[in-house]
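Colleague: Chains A and B, in that order, are what the protein sequence lines are. What the first sequence shows, in this note's numbering, is residues 80 to 150, in sequence order. What the second sequence shows, in this note's numbering, is residues 386 to 945, in sequence order.
Don't read these hints as lab results, they were simulated from the structure. Heads up, a few of these hints could be off.
What the hints assert, rightly or not - Calculated cross-link-like contacts (lysine to any residue; reagent style SDA-like; alpha-carbon spacing at most 20 Å):
1) B:Lys-485 <-> B:Gly-545
2) B:Lys-743 <-> B:Phe-717
3) B:Lys-482 <-> A:Lys-106
4) A:Lys-106 <-> B:Pro-600
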Amino acid sequence: MLSLLAVWAFVSFGCGILLHDWLDQWKILGTGFPVGFWFAQQGSILVFIALVFVYARRMDRLDKEFGVKEE
Amino acid sequence: MGVQGWTLLLIGLSFALYIGIAIWSRATSTKDFYIAGGGVPPLINGMATAADWMSAASFISMAGAISFLGYDGSVYLMGWTGGYVLLALLLAPYLRKFGKFTIPDFVGDRFESSAARIIAVVCAIFISFTYVSGQMQGVGIVLSRFLEVPTTTGVMIGMGIVFFYAVLGGMKGITYTQVAQYCVLIFAYLVPAIFLSIQLADTPIPQLGFGGFLPDGTSLLENLDGLQKELGFDSYLNGSKSLLDVACITAALMVGTAGLPHVIIRFYTVPKVRDARKSVGWALVFIALLYTVAPAIGVFARTNLLQTVSNQPYADMPEWFQKWETTGLLKFEDKNHDGLIQYVGNQSSAVNELDVHKDIMVLANPEIAGLPDWVVGLVAAGALAAALSTAAGLLLVVSSAISHDLLKRCLRPKISEKGELLAARLSAGVAVCIAGWFGIHPPGFVAEVVAFAFGLAASSFFPVLLLGIFSRRMNRAGAMSGMVCGIALTAGYILWFKFLHPELSTPGNWWFGISPEGIGALGMLVNFAVAGAVYRFFPAPSSEVQAMVDDIRVPLGKRD
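Excised from the complex, chain A in its bound form (with noise of 0.2 Å):
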């Protein structure tokens, strides 16, 4: 979880504002997209849905594992 929660940091906290006006000075190849200010506006909100996804299989595997998944 620990480490989902980094990637979380990473995305917007990172690429979204720290790092935005250094990523900045390349474009998403093929598009007129801003790197940093694609993360901040499409790419963070992307990888969050992934995030969550991951997590919930994550934990059902676990549940399996573990004897106590739900029926």
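For chain A, the structure is supplied; the task is to place chain B on it using the hints.
Modeller: What follows is chain B alone, placed relative to chain A:
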């Protein structure tokens, strides 16, 4: 059929749909009324959560705000979606396992204190009414602009609809109407965005479109950034807020989102703990569909607006311009009497002649882009769906806080099931009326109060819930003192800068440059720090509570 005919038809159809659903899904028990019987599938709950969460502010104001703020607008995008990660990982599954009806339920039982329960009730009611008044106002604006009825009549119509399905159906009625409302609002949001994306960027996918290129090879973003700078506005791609302030506002919005009572309460409605986890994911997918399109609309709308009005003769303005002028959301004053519209950045306010309210960017968008009449009507129906769905969810929080937390748990524990259901319906009815009153007589400070609601949720509910779930040793003294200090700091700071001395509210006077919108993040840290220090001096909670804390961490569901 003109704009008004289409608007009337689409709004009428959507209202008939909501009423039909309400009759089909009446609540018959308190469990139906508070948590929809606890049998809502995760996908449906996710969709309902998305409609519940996305308010008139998300639908009407957010894209407009982003189009004016540029990069700084990212705080809303990241803040209001990132909170769901916290909700999924840290709160929703555990609260679902705890398996009661409301947040005050958890706070009261976990810390064995009616005082804590009552603080939670007061915060929940305050947050909900703050929000609801904004929704009702949104309903009033939309109906008065598109149907040309007086705002008061508009609000009354909205109240009537919400009254019908919230009082009759409770959470069960609300959940299924919210599913319908989500479909209406997302369709209404995407259609004009897709049209605009095709017009400006030649692709039907708005998320890609705003990274697209103009025929001459410059990217849409650079083109807008250039236009902005040329007219003396702030750069679109770089913010004007300080780094720390952006981070604090984002954090406060994230944590506040995770602590909002009407969002949390939705995760009590799913059958199993693992459904709660999955349901947050679906909610975020449905929310992201609107939230990733909003910045695209921001860019399209801003570009269109600047190109349509900047240095153009006032006499040549299209019909929508005059229509929005009559609502007062668009103001033009020909200061230098040249008949042209000079729309320039704030540093030269003596020269700027046009005042555009952010709320019209989404509502007027289809007209500015010259889209067909039915799209205009669709946007009106979508905005109403967004406002009504959120209003209903909030009213349910108020009603359950009064009938369940105050009446049943504090004042009259022996009340019968039937009596409690009646009390819940009555308090929902009264809450609708109060909300309507706020909609007709909006307090002039709605925007400020919303910062308050998020600050309070961030500095009170979130830390208390987190500590209650993850620390077995956390006791009443720690939680209470943390909550009181967190709320006092946040509320004091916001009151000072927003209400008592708004003239002092400049970055130079703020602590570390943190604006009142972002202070909830600091309030949360103070809450954690105080709670973490105080609890050591007091005895551990009773063994039953400790057993409960252990129990909620094991997902094996016991239904009821």
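Colleague: Would you mind marking each hint as holding or not holding in the structure?
Modeller: Now for the hints, and whether the structure bears them out:
Distance hint between B:Lys-485 and B:Gly-545 is unfulfilled; the C-alpha atoms sit about 30 Å from each other, more than 20 Å. For a cut-off of 20 Å, the pair hint linking B:Lys-743 to B:Phe-717 stands: about 15 Å separates their Cα positions. Between B:Lys-482 and A:Lys-106 the alpha-carbon distance is near 45 Å, which puts this suggested pair outside the 20 Å criterion. Under the criterion of a C-alpha separation no larger than 20 Å, the hint pairing A:Lys-106 with B:Pro-600 is consistent with the structure, at around 19 Å.
Consistency note: the structure conflicts with the earlier hints numbered 1 and 3.
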